[in-house]
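Protein chains: 2
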Amino acid sequence: MKFCSNCAAAVVKRVPPGDNLPRWVCDQCGEIHYQNPRMVVGTVPEHEGRILLCRRAIEPRYGYWTLPAGFMENDETTGQAALRETLEEAGARIELGAPFSMISVPYVNQVHIFYRARLLDLDFKPGEETLEVMLCEEARIPWKEIAFRTVAATLRHWFADRGRGAFAFHAEDILVR
Amino acid sequence: MKFCSNCAAAVVKRVPPGDNLPRWVCDQCGEIHYQNPRMVVGTVPEHEGRILLCRRAIEPRYGYWTLPAGFMENDETTGQAALRETLEEAGARIELGAPFSMISVPYVNQVHIFYRARLLDLDFKPGEETLEVMLCEEARIPWKEIAFRTVAATLRHWFADRGRGAFAFHAEDILVR
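Residue numbers (the working numbering), protein chains in the order written: chain V, 13 to 189; chain R, 13 to 189.
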């Protein structure tokens, strides 16, 4: 059972007039409670060819390695979200570069966006949601312990692009859980 | 006054433990009701150098011209959202190209993403939220009657890129209302 956040009446899931998808509708106050995908925004922070990785101190994927990233908040831009998450999770100050990857993950209703970034100093340190932070060259990336497939895909694109000497923008989808 | 969608108790706005932003928190069931930006996804549909524009049949900006675009839904990818909105608003079948623009609009908590696209046929027709659809060359774009600044910015980038013979990916922000 779900309730209306405006008037506390019970809501029902049905297709509103003029729509073609079922929504949570409040018959008391008329509000339609839409649900939309969320954006996860992060960075690929680089220093002299090595990439900064964070080991997660939270579920899901506790103990696995990830790029600094997190849910975009209201009242910020994608770039501000990328800077904030990099500072929060890795204590890292960066110069933000271009958007690098955009990966839809529809089975969790998320879109992941990663920016290129350059570390401004080496004074990074784990934030509250991070166990440890390391700078990692390509040969030492712990591919079997990467937390999320969007992170692995982004890292693979980054090293491939570096190998051919040109960074592009990569858009793709991960459709199967 | 706002209510918990899980248990119908009144929620309060405060900073949860370990967080640094105020959230709607339910003290009865413990749920934290996060609010996040929404994605608006659309296309720049082209046919022989002309761009398909839609005149809006709904508020906001009733009667103004826009590119086909709308809120991304759960259970779809950004590309599927772009195809769906182009079909719903303009009745237009397209071949989807590369992502072309990504524009944060933090004062309305939105991120707008437009893809390049090529019309597959000329059998477009206005959908329920559209008054009319037209194919428009650069000299005839109704710049003063464009519904949203993200649409105007995307169109300007498109014609500038076409002018120099190379299409890039454009990321920017519109910070002031």
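If you are wondering where the hints come from, they were derived from the structure by calculation, not from laboratory data.
It cannot be assumed that every hint is accurate.
For lysine to aspartate or glutamate, the following EDC-like pairs were computed, each having C-alpha atoms within a straight-line distance of at most 20 Å [unchecked claim]:
#: 1; chain 1: V; residue 1: 14; chain 2: R; residue 2: 31
#: 2; chain 1: R; residue 1: 14; chain 2: R; residue 2: 39
#: 3; chain 1: V; residue 1: 137; chain 2: V; residue 2: 184
#: 4; chain 1: V; residue 1: 25; chain 2: R; residue 2: 31
#: 5; chain 1: V; residue 1: 14; chain 2: R; residue 2: 39
#: 6; chain 1: R; residue 1: 25; chain 2: V; residue 2: 184
#: 7; chain 1: V; residue 1: 156; chain 2: V; residue 2: 87
#: 8; chain 1: R; residue 1: 25; chain 2: V; residue 2: 71
#: 9; chain 1: R; residue 1: 137; chain 2: V; residue 2: 85
#: 10; chain 1: V; residue 1: 25; chain 2: R; residue 2: 39
#: 11; chain 1: R; residue 1: 25; chain 2: R; residue 2: 43
#: 12; chain 1: R; residue 1: 14; chain 2: R; residue 2: 43
#: 13; chain 1: V; residue 1: 137; chain 2: R; residue 2: 31
Here are a few chain R residues that face chain V, going by a calculated C-beta distance under 8 Å [what the hints assert, rightly or not]:
#: 14; residue: 51
#: 15; residue: 116
#: 16; residue: 121
#: 17; residue: 149
#: 18; residue: 150
#: 19; residue: 179
Rough simulated footprint, nothing fancy, chain V against chain R, three-plus residues with beta-carbon under 8 Å [said to hold, decoys possible]:
#: 20; stretch: 56 to 69
#: 21; stretch: 166 to 173
In this text, a Cβ means the ideal position worked out from N, Cα and C, and glycines have one as well.
These are the hints, each one checked on the structure:
no., hint, verdict
1, V:14 with R:31, "violated (26 Å)"
2, R:14 with R:39, "holds (13 Å)"
3, V:137 with V:184, "violated (31 Å)"
4, V:25 with R:31, "violated (32 Å)"
5, V:14 with R:39, "holds (17 Å)"
6, R:25 with V:184, "violated (37 Å)"
7, V:156 with V:87, "violated (36 Å)"
8, R:25 with V:71, "violated (25 Å)"
9, R:137 with V:85, "violated (37 Å)"
10, V:25 with R:39, "violated (26 Å)"
11, R:25 with R:43, "holds (12 Å)"
12, R:14 with R:43, "holds (13 Å)"
13, V:137 with R:31, "holds (18 Å)"
14, 51, "holds (6 Å)"
15, 116, "holds (4 Å)"
16, 121, "holds (5 Å)"
17, 149, "violated (28 Å)"
18, 150, "violated (25 Å)"
19, 179, "violated (11 Å)"
20, 56 to 69, "violated (count 0)"
21, 166 to 173, "violated (count 0)"
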